[in-house]
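Enquirer: Okay, here's what each chain looks like letter by letter:
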Amino acid sequence: MSKLHHLNDSFLKNIKTSWFAQPQKLITANQFIPVADKWFKSTKLNQLHGWDEFDCVDVVLGCTHFIESLVLKYGWDGFQILNEEYAYYGLMGKHGTELGQLEPNQPLLISLPNWRYADLRPEWPDLLKECEAKNIDIHIDFAWITVARDISIDLSHPCIKSFAMSLSKYSMEWNRIGLRWSRQRTMDSVTIFNRFHHEVNSALTSGGMHIINNLPRDYAWDTYRELHHKTCKNLNLLPTKIIHVAHTPDLSEVVGLGNILSTATPNSI
Amino acid sequence: MHVQETINFKLTFKPNYWNLPPHACVSIDDQVKFDNTITVENNVVEFSHTLLFNQPHKLMIKRSGKTDDQVRKNTDGTYDDQMLIISKIVIDGVNVQNIIYTDSYYEPNYPKIWAKQQELAGIVLEKKVIAETHLGHNGTWTLPFTSPFYLFLMDKMNV
Chain A
75 MSKLHHLNDS FLKNIKTSWF AQPQKLITAN QFIPVADKWF KSTKLNQLHG WDEFDCVDVV
135 LGCTHFIESL VLKYGWDGFQ ILNEEYAYYG LMGKHGTELG QLEPNQPLLI SLPNWRYADL
195 RPEWPDLLKE CEAKNIDIHI DFAWITVARD ISIDLSHPCI KSFAMSLSKY SMEWNRIGLR
255 WSRQRTMDSV TIFNRFHHEV NSALTSGGMH IINNLPRDYA WDTYRELHHK TCKNLNLLPT
315 KIIHVAHTPD LSEVVGLGNI LSTATPNSI
Chain B
102 MHVQETINFK LTFKPNYWNL PPHACVSIDD QVKFDNTITV ENNVVEFSHT LLFNQPHKLM
162 IKRSGKTDDQ VRKNTDGTYD DQMLIISKIV IDGVNVQNII YTDSYYEPNY PKIWAKQQEL
222 AGIVLEKKVI AETHLGHNGT WTLPFTSPFY LFLMDKMNV
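Residue numbers (this note's numbering), protein chains in the order written: chain A, 75 to 343; chain B, 102 to 260.
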């Protein structure tokens with residue numbers, strides 16, 4: 075598997091450069107949240123139904139913050155993941171569970187779209203049924219949704235309790251801001267970060283506002299759709315629903331396209 | 102705009118008895134959620150309850166089943182007793198031990214003869230015992246709280 079570098083073209087780099095070059099305007103979390111909420115929801119490429127049922131919205135420092143908050147609340151052994159999750163779980167000794175073998179009453183943390191499938195997991199409907207039968211709360215890490223297309227999901231399923239998205243996958247790791255949406259707010263580190271401390275770091279929210287003011291929500295696919303497909307054709311790969319990911323023809327491997335897309339010139343298309 | 106929340110409650114009890122087990126009746130806002138004897142160690146009582154925001158709420162445990170004959174003196178001078186111990190309470194995924202230590206109270210129904218003996222001996226029995234988790238006498242244990250529960254917890258945080 076090649077490394078799955080994110081898209082990081084000159085346009086995206088310029089957003090960072092301009093932020094550090096220009097005078098800054100102070101944006102508070104209360105100002106940031108409604109604007110960012112609207113920005114994330116403004117995708118025309120993905121259908122996330124039932125989003126409005128999640129009206130407790132908090133700032134997160136990337137989806138990792140969302141994950142860490144859950145881990146802090148439930149403990150390293152108090153939540154479960156499926157196989158084919160991000161490497162950092164395995165690197166820290168957390169291993170996936172097979173579908174059908176999930177532990178009842180133990181929250182499930184799942185990434186969607188999944189990196190391996192570059193899509194929802196194929197077993198998603200069965201997973202929902204199992205979670206429903208076993209009273210398992212689902213928390214979704216939507217880290218890659220900002221660079222995805224044609225993802226359709228019904229968030230109104232009662233097992234889904236919270237989810238998060240961030241700007242990181244547009245190579246905005248210098249800021250990482252994102253939002254967490256919950257059906258009802260619970261006490262955890264994200265809640266404390268947002269509600270107890272008098273101010274969410276305003277450098278974060280101010281930088282985040284600069285990003286979303288300058289970054290069209292569906293920039294990746296609106297800009298690189300044709301090149302994504304052309305590159306896949308030239309390299310005998312299969313296009314996927316994630317801009318910087320392709321599949322080998324036998325679907326056995328994922329291949330990163332981020333560097334190719336990021337360095338493409340208009341003539342490349 | 103939310104006006105209520107559904108919260109999960111998980112109470113773990115430990116009984117201590119030689120003859121008859123203690124009885125616990127767990128309720129929230131007068132709605133009974135569990136009413137049975139506690140016979141095994143790590144006896145978990147779990148339930149959900151919908152709480153209206155900005156209202157006072159009460160989690161209550163009515164402990165009963167203790168009669169005078171459930172205390173006996175052994176030949177070596179020790180006593181066998183009947184006790185109900187609250188080992189742990191988790192509300193909305195949060196172990197509320199610290200809140201129990203500051204906000205919970207127990208109102209024992211002291212046995213009349215024993216209470217009189219204490220009085221004659223000059224011992225003043227507390228009507229309300231703060232932070233008691235070992236319920237020796239029959240009585241009612243109460244934890245008052247408010248909803249949204251996360252805000253209630255946050256109000257208790259001082260640093």
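Any given hint could turn out to be false.
Unchecked claim - When the alpha-carbon atoms are kept at most 25 Å apart in a straight line, the in silico PhoX-like pairs for lysine-lysine are as follows: (1) A:Lys-77 / A:Lys-315; (2) A:Lys-208 / B:Lys-257; (3) B:Lys-257 / B:Lys-189; (4) B:Lys-134 / A:Lys-208; (5) B:Lys-159 / B:Lys-115; (6) A:Lys-208 / B:Lys-159; (7) A:Lys-147 / B:Lys-163; (8) B:Lys-134 / B:Lys-115; (9) B:Lys-111 / B:Lys-217; (10) A:Lys-147 / B:Lys-257; (11) A:Lys-87 / A:Lys-315; (12) B:Lys-229 / A:Lys-147; (13) A:Lys-77 / A:Lys-235; (14) B:Lys-115 / A:Lys-235; (15) B:Lys-111 / B:Lys-134; (16) A:Lys-147 / A:Lys-208.
It is worth saying that the hints were derived from the structure and are not from the lab.
Fair warning: this is a prediction, and the values are worked out from it, not measured in the lab.
Enquirer: Determine for every hint whether it applies to the structure shown.
Expert: Hints versus structure:
| no. | hint | result |
| --- | --- | --- |
| 1 | A:Lys-77 / A:Lys-315 | holds (17 Å) |
| 2 | A:Lys-208 / B:Lys-257 | violated (34 Å) |
| 3 | B:Lys-257 / B:Lys-189 | holds (19 Å) |
| 4 | B:Lys-134 / A:Lys-208 | holds (21 Å) |
| 5 | B:Lys-159 / B:Lys-115 | holds (22 Å) |
| 6 | A:Lys-208 / B:Lys-159 | violated (29 Å) |
| 7 | A:Lys-147 / B:Lys-163 | violated (30 Å) |
| 8 | B:Lys-134 / B:Lys-115 | holds (18 Å) |
| 9 | B:Lys-111 / B:Lys-217 | violated (37 Å) |
| 10 | A:Lys-147 / B:Lys-257 | holds (18 Å) |
| 11 | A:Lys-87 / A:Lys-315 | holds (23 Å) |
| 12 | B:Lys-229 / A:Lys-147 | violated (33 Å) |
| 13 | A:Lys-77 / A:Lys-235 | violated (32 Å) |
| 14 | B:Lys-115 / A:Lys-235 | violated (32 Å) |
| 15 | B:Lys-111 / B:Lys-134 | holds (11 Å) |
| 16 | A:Lys-147 / A:Lys-208 | holds (20 Å) |
The structure is inconsistent with the numbered hints 2, 6, 7, 9, 12, 13, 14, although it conforms to all the rest.
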